[in-house]
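*Asks:* Sequence:
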Amino acid sequence: MSLAFVFILGMGYLGAKFDDSSSMHRVAQLTNTLSMACFLWGTLMLHAASPKEVK
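Just so we're aligned, residue 1 is where the sequence shown starts under the UniProt record's numbering, counting upward by one.
It is worth saying that the hints were derived from the structure and are not from the lab. Check the hints yourself; a few may be wrong.
Lysine to any residue pairs mimicking SDA-like chemistry, simulated, CA-CA at most 20 Å apart [claimed, not checked]: (1) LYS17 x THR31; (2) LYS17 x SER35; (3) LYS17 x VAL6; (4) LYS52 x TRP41; (5) LYS17 x ALA28; (6) LYS17 x THR33.
Make the full structure from the sequences, and use the hints.
*Replies:* Below, the structure is given as structure tokens:
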């Protein structure tokens, strides 16, 4: 999850430096995709480590 946080901070940096070029759009989309993928990975790891419910 901390890696997702780093990518989210990167999105803030890119937002401040955005120059509306095609390459900047690609970098921003790649950074966003990586941040969401890392967040999903961290969430799945936390879910797998949580105690299981007994029925």
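*Asks:* All hints are to be evaluated individually against the structure, with a verdict given for each.
*Replies:* Against the structure, the hints:
1. LYS17 x THR31: Within the cut-off at roughly 14 Å; holds.
2. LYS17 x SER35: Measuring from Cα to Cα gives roughly 18 Å; hence the hint holds.
3. LYS17 x VAL6: Judged against 20 Å, a Cα distance of about 17 Å means the pair holds.
4. LYS52 x TRP41: 19 Å, holds
5. LYS17 x ALA28: Given pair LYS17, ALA28 holds - Cα atoms ~11 Å apart, limit 20 Å.
6. LYS17 x THR33: OK: LYS17 and THR33 at ~19 Å, within 20 Å.
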